[in-house]
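Residue numbers (the numbering used here), protein chains in the order written: chain F, 1 to 476; chain B, 1001 to 1721.
Some hints here could point you the wrong way.
Said to hold, decoys possible - Restricting the straight-line Cα-Cα distance to at most 20 Å, the calculated cross-link-like pairs of lysine to any residue (SDA-like) are: (1) Lys-1092/B x Arg-52/F; (2) Lys-1045/B x Gln-145/F; (3) Lys-1045/B x Pro-431/F.
To be verified - Among the chain F residues that face chain B by a calculated CB cut under 7 Å, a handful are: (4) Ser-218; (5) Leu-224; (6) Phe-225; (7) Pro-229; (8) Leu-244; (9) Thr-246; (10) Glu-257; (11) Ile-260; (12) Arg-263; (13) Met-269; (14) Ala-270; (15) Asp-388; (16) Val-466; (17) Val-470; (18) Arg-472.
Hints listed in this document are in silico derivations from the structure and should not be mistaken for laboratory results.
Each residue gets a CB set at the ideal place from its N, CA and C atoms; glycine is no exception.
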Amino acid sequence: MQDDLDCRRTTRREWFRECGVGLGSIALGSLLADDGLAASGASARPPHFRARAKSVIHLFMNGGPSQHDLFDPKPMLVERDRQPIPESFTNGERFAFIQGTPKLLGSPFAFARHGESGAEISELLPHTASIADELAIVRSVKTDQFNHAPAELFMNTGFARIGRPSLGSWLSYGIGSTNADLPAFVVLLSGGGQPSGGYSCWGSGFLPTEHQGVVFRSGRDPVLFLSDPPDVTRASRRRVLDALRTLNERRLEVTREPEIATRIAAYEMAYRMQTSTPELADLSSEPRSVLDEYGATPGSASFANNCVLARRMIERGVRFVQLYHRGWDSHGTGPHDDLLTSLRERCAETDRACAALVRDLKRRGLLDDTLVIWGGEFGRTPMNEERDGSHFLGRDHHPHAFTMWFAGGGVRRGVTIGATDELGYFVTQDPVHVHDLHATLLHLLGLEHTKLTFRSQGRDFRLTDVHGEVFRPLLA
Amino acid sequence: MRVLAATIGLLITAPLRAGDLVYDRDVRPILAVHCLRCHSGPDAKSDLRLDDRSSLVAPRGESAAAVVPGSTAHGLLLERVRSTGDDRMPPKGPPLDTAQVATLERWIAEGATFASSDADGIHWHWAYRPIVRAEPPTVARVAWPRNDVDRFVLAGIEAAGLEPAPEADRATLARRLALDLTGLPPTIEALDAFLADAREDAYELYVDALLQSPAYAEHLARIWLDLAHYADTNGYEKDGRRSAWPWRNAVIDAFDRDQPFDVFTRKQLAGDLEPDATAEDRIATGFLRNTMTNEEGGVDPEEFRVEAVFDRLDTVSTVWLGSTLECARCHDHKYDPFTQRDYFRFLAYLDQDEPDTTPTLHGSLAAGAMETVAGPPAADGTATTATTLVMKKSATPRTTHVFAGGSFLAPREAVDAGVPAFLPQPLAGGGDRAALAAWLTDPKNPLPPRVFANRLFALAFAKPLVSTLDDFGTQGEPPTHPELLDWLASEFVRDGQSIKRFLKMLVTSSTYRQSANADAATLAKDPGNRLLARAQRVRVEAEVVRDVALAAAGILSAKRGGPSVFPPQPDGIWTMIYNDDRWVESAGEDRRRRGLYTFWRRTAPYPTFMTFDAPSRETCVAVRPRSNTPLQALVLLNDPAFVEAQHALAQRMTERPGLGDAERVVVGFRRVTARVPEPIELETLLGLLAEQRAAHPDAEDAAWRAVASVLLNLDETITRS
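Please put together the full structure from these sequences, using the hints given.
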């Protein structure tokens, strides 16, 4: 066919342009950024306007931490502890688990004001309290979803079912990476397994698969099979990869299959990760004092270790590091998810490291360019769940109002934004819907959310669908 | 994906008569996108709930009701969506377009009902309607179709003004067929025989040989293991071992014998309740025992019994009904017509049992074909007979209750076994697994044949007709070829539910034989290959990635069946808090068995498979994602199993005396891709060989290993094309 002949004569770059395989123009740019994806440079792309942050660390508190017990104290809840909730609040509402007329649950934990800003933070988070003046605590976040998997997907992809690109993959697509030796989007897991939304929480949906999050393992070997077999030299491996690339590129020419371009890029990335990752993952090179500050122990699998790793990745130019820590789902159905014990445990596992991360970033001058996000997929009810008459304390899932905090690149410091009603049930001031949150995060990274689009199946898609407004009160 | 569904949804629905307007299909989507975010649920703005008809038609003080059924002149809803002023609804985002407003007008004029069946009482949603076997359409290119599948497909391609792709070359087809039907690449001998076979029916004979090969049944079984979520451990925190592999043997055996799918269904669900049930029939019910078991101290056994029954129901509904009923456990399904009561009535079929085990007798499975199923030696070295988990009906009937919020501690009304009202009702009574199996295999039940025909279509074409294999409900994707799907479903039933014959029909079609390379026009017009105007190119699944490498290198063990094995895996994968079980590497050929025999620990599955998107097997999985990451490259380059394959492939290339370098490279290239390399490809590999020799003059073996590692890492090697 004439098409094929033409293609063969042109360079890859021209060939892509002429026989384009349906990739969006920005993505195409990334594939060709260094013409052939050699180890010559990173794929950073200019944002739409001046970015306030260059990278993001998302501390995803998976399961839904209780805002009532951590950041949004309600004296009236304590006052009316175990009294039925006024019907005007719950009229006809469906909960994940609560049945009948539920009773209010005052927080069993003490709150105090912290820092110059006087932020109200629970006794469960003493370390977070110590960085109160760095934080923008937003009490008015809302979501549409009240079950874990859909809510996780919604928080990550702006869509409650699988199939859409995640925030991290949109960033990788939109502004690329500044380090050619590590993936633009890395996912770190702790607290036991994956989120219930699974792989799709960091999937690339219809974006080219090179933009999906890459999961590093927790513990000793963040990436398996990193070392070449003992009898293979680096030079020999390079020659193998060069030949492999030539053959895969030839196949790409013949088939026009974009997955092959992703695979070529993946091999080059793998080669570079062989050098970059061992050094990156070697926490023993951190001073004892730093490890102690985080509560990290090299070699073990923990949230604290992942926080140190996240900082090291940010230092090296990774665009988006997402840490999942599971276990915040404190329903109070038994000892394992009792509010009094399990919430305290989750806080103990994470509090010190979260605060150390923010302080450490600041000390190194990285906080101005790094946006740190803390929060779950939804909040929890002001009512005691009391599932099946359980005598343990717990709260059900709550989509209407919950708290997240932000620190660093482009956000205000030492403020508490937004408010909820006297029971903490609904937002009364400065509501931020998940779509608004996405618009705002993209804005901070220098991207206009209505313009960051990808054409798939005949339509231009956005992270924010047809919604979303930048949440100005958060911006510095 | 879902957006496309919305745009073509109206084109592909079943034959509702013109004039029929269906709330769920036509009206609700408009409201859902533009209105329901504010106007639904208890905190609906202005107290107006568009999801509740009584709220919709209720008088609203001074202003008109939102909707006055029968009148398009009155009513706030139409007034506001038509408005161009400040009071336009929705207040943000684009206004409704003319067609959307017209739909709302028509709906209101016709009485604004929330009905979901047409005038004949047949449900509007395509998947719940009776199967209609359409005549294959006539096509312009009369010479192209080889069978009726092709007529349906070609009609779609022609309607779009496109052409089918040319036929792929024979080597490509030989490899594609082998991968699709056996999960392995063709052996050089089979490949050469096929390429040299000048007989008219050489292709059909090649297909027959694949379907008869032992590898076919293992490949089919692998897919069934995902659906059943087979594992070798109990799950949850302790995740101790269990003996379930005899059931896996039985599944392989059933596919080997091409047990008709309805018979297979009956035995998987209720083999023990068959008249004169054999040991084998009882073992088949291990399907339902792939549920997790919590061995923690202090747990309420009833809680986890109920949890297992829930899981069985979710599995059965996903596998046979293509429906995720899970939501209805706690509340009425939000999008599909399942109520919570439906859920528990359906659950009652599975609620009459108690756990049991059965010994697996030596040689009881498929005499001759399988390994005898002696268990692993006991600690004292004596052979033991393995037992396996099976289902057993309780002596005392159990009354099933609706559980409020899905909680076993909150039983409400008692329910009898039954199926959702919108599906054909069971002919016979009975409320046990046998009754459920009878209903699922009743030819009048449209879902199981549709769902399974779609699954087999996906297996053959790497492209299902309904892309949401596990969701045939209203939130799933509609079929790309609805008439073809129904035709296939009816053909599957008509032909006695033979999986082998059905697959043969699919893979002998012209549609199947197309090249995966499309011309520019087709790519531009149909980037997602919805029209099937070319073959689908996909990376093969986790176990197949490994099997292909071992097979191409000639080191894959041919041993079938038996207990799971422990190929090498990195240290530290099995570090668990509540379990000191150790991964002790198998010896000998058990290190190189097919992937489906690898020991599957739910909390720590074999890492190489996870890197290639295998599920954890905690729940039923109908569709695996297909990622493409640098971590996969590291597996293929450095996982010891793949390194061993590199060594072995190097040996395969060099072991025959008297061949030149180029001939040797061709041997290796054909083992992984089935085709002969192009000159530029050969040149590249010979160039590598020369470079390696120059760098390490004394290491001829290493030079060939370098070539082998390129071959095993080719995109093409792990791709079905």
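Cross-check of the supplied hints:
| no. | hint | result |
| --- | --- | --- |
| 1 | Lys-1092/B x Arg-52/F | violated, 28 Å |
| 2 | Lys-1045/B x Gln-145/F | holds, 18 Å |
| 3 | Lys-1045/B x Pro-431/F | holds, 15 Å |
| 4 | Ser-218 | violated, 11 Å |
| 5 | Leu-224 | holds, 6 Å |
| 6 | Phe-225 | holds, 4 Å |
| 7 | Pro-229 | holds, 5 Å |
| 8 | Leu-244 | holds, 5 Å |
| 9 | Thr-246 | holds, 5 Å |
| 10 | Glu-257 | holds, 5 Å |
| 11 | Ile-260 | holds, 5 Å |
| 12 | Arg-263 | holds, 5 Å |
| 13 | Met-269 | holds, 4 Å |
| 14 | Ala-270 | holds, 4 Å |
| 15 | Asp-388 | holds, 3 Å |
| 16 | Val-466 | holds, 5 Å |
| 17 | Val-470 | violated, 14 Å |
| 18 | Arg-472 | violated, 16 Å |
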